[in-house]
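A.B. asks: Chain residues, written in single-letter form:
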Amino acid sequence: MALAERILAGDVRAAARLMRDIDDGFKSAVEELKVLYPHTGNAFIIGITGPPGAGKSTLVDQITAAYRRRSKRVGIVAIDPTSPFTGGAILGDRIRMNRHAEDDGVFIRSLATRGHLGGLSRSTGDVVNVMDAMGMDVVIIETVGVGQDEIDIVRMAHTTAVVMVPGLGDDIQAIKAGILEIGDVFVVNKADRDDADRTARELAAMLEMNPDKDREWQPKVLKTEASRNRGIEELVNEIEAHRSYLHHSGAIRRLLEEKNTRLFLELLKERLFAEVYGHIHVNGKFREIVDGLVNRKQDPYSAVEAILAEKFGGVKN
Amino acid sequence: MSERKLRVLVGKPGLDGHDRGAKIIARAFRDAGFEVIYTGLHQTPEQIVAAAIQEDVDCVGLSILSGAHNTLLPRVCELFREKQAEDIIVFGGGVIPDDDIPGLKTAGVKEVFTPGTSTEDIVAWVRVNVIPRA
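Respectively, the protein sequence lines represent chains Z and D.
This note's numbering applies: residue -7 is where the first sequence begins, and numbers increase by one.
This note's numbering applies: residue 1179 is where the second sequence begins, and numbers increase by one.
Hints are computed from structural coordinates only; laboratory data are not their basis.
Here are the simulated DSSO-like cross-link-like pairs (lysine-lysine), alpha carbons at most 30 Å apart as the crow flies:
#	chain 1	residue 1	chain 2	residue 2
1	Z	Lys261	D	Lys1183
2	Z	Lys251	Z	Lys212
3	D	Lys1283	D	Lys1183
4	D	Lys1201	D	Lys1283
5	D	Lys1261	D	Lys1283
6	Z	Lys261	Z	Lys289
7	D	Lys1261	Z	Lys19
8	Z	Lys64	Z	Lys212
9	Z	Lys251	D	Lys1183
10	D	Lys1261	Z	Lys26
11	Z	Lys26	D	Lys1183
12	D	Lys1288	D	Lys1201
13	D	Lys1183	Z	Lys19
14	Z	Lys261	Z	Lys303
15	Z	Lys26	Z	Lys64
16	Z	Lys64	D	Lys1261
17	Z	Lys19	Z	Lys251
18	Z	Lys26	Z	Lys251
19	Z	Lys303	Z	Lys277
20	Z	Lys26	Z	Lys303
21	Z	Lys277	Z	Lys289
Just so you have them, the derived chain Z footprint on chain D, three or more residues with Cβ under 8 Å:
#	segment
22	1182 to 1193
23	1207 to 1221
24	1231 to 1245
Backbone N, C-alpha and C define an ideal beta-carbon position, used for all residues, glycine too.
This is chain Z alone, in the form it adopts within the complex (with noise of 0.2 Å):
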């Protein structure tokens, strides 16, 4: 039998080996997808993305028990960053979730990165997709520690968590532009700190200054201490809230459009980069306009004009 039959029938192996070679970049594993996609769109996707150490693995873990107390099924998406040097990597988040292994209605998978940007791995989006085809209500994707600019979660999840912790820097940073204006909610997690509550209040504040004030889901921020277990239902509450808001404002419809766009595209690009990389690769004719290049006796614009002439039969300007 199939991988994708497996995997719909519950087998746990099944799944985890399509994991694999999806991660893989295993050829296979598209058919597979295919045969699973009818099965997807149902699971609740949730992203949780904050800077190293502000205990996201912590609240992943805890949010999973609350919405396990809910007779939720839960699957777990979590990433950490591939070594640029050794394409190694350790996958360190399930030492805080651990105790969910287990558990029938848990499924969790530590991913890395390998190279891509954004605070996701490539391999994301259709891992979310074979948990929700296995039956998952809720996918939680963890990202990497992020900083400023890591924000593919947005196009991710259907309602996003940004968690701070004190302490990381002044309300300047507050105001910069990147992850702090992706959150649906914004989570101050180690509250017992000392700043937590100016942590907070500098947070509220700049959401207050939102331009688009007026929109009807209007990001709240809470306090949080995962490792103790406060907090934690008041934040699922909120995310159940925004959840709801989605779908009664309709809002869901332009997520849901932004998202495919983007997946198409995204897809198409790769499928399109593949097959005219791969074909110039194996002629041998990428050496030749290398090598043109580094003796300049051609430019990278001509260059690309040509290859693509011949593969597509001309391009317009």
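Go by the hints and put chain D onto chain Z.
C.D. replies: Here is chain D on its own, set in the frame of chain Z:
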């Protein structure tokens, strides 16, 4: 494009709280280009096996300094057999007397590394003995 990346789980089953060795091994595996899932301290064999299956690892390296290796390592191997996942290779390291090693190997542990083994030797052993699945 489609080349398998070796995935290994490094875990600390049982009750001992000394994870320096496990962390050094995890780091050495990272530097060898492997993806290392580190599950941390105080794991039951059941948790380790469930994690290994969900993560689709090729092998599991377990560090034990508590003296409970004769119970914990065979139990992990037994659980893998129960789950029809005995293709996941189990190896161990720690303070394990030479006399215990044959019994552990009979129970399904592929190799046992005792104190003094260099990380290079362990990495080299993995490269030879663990082939990422097709």
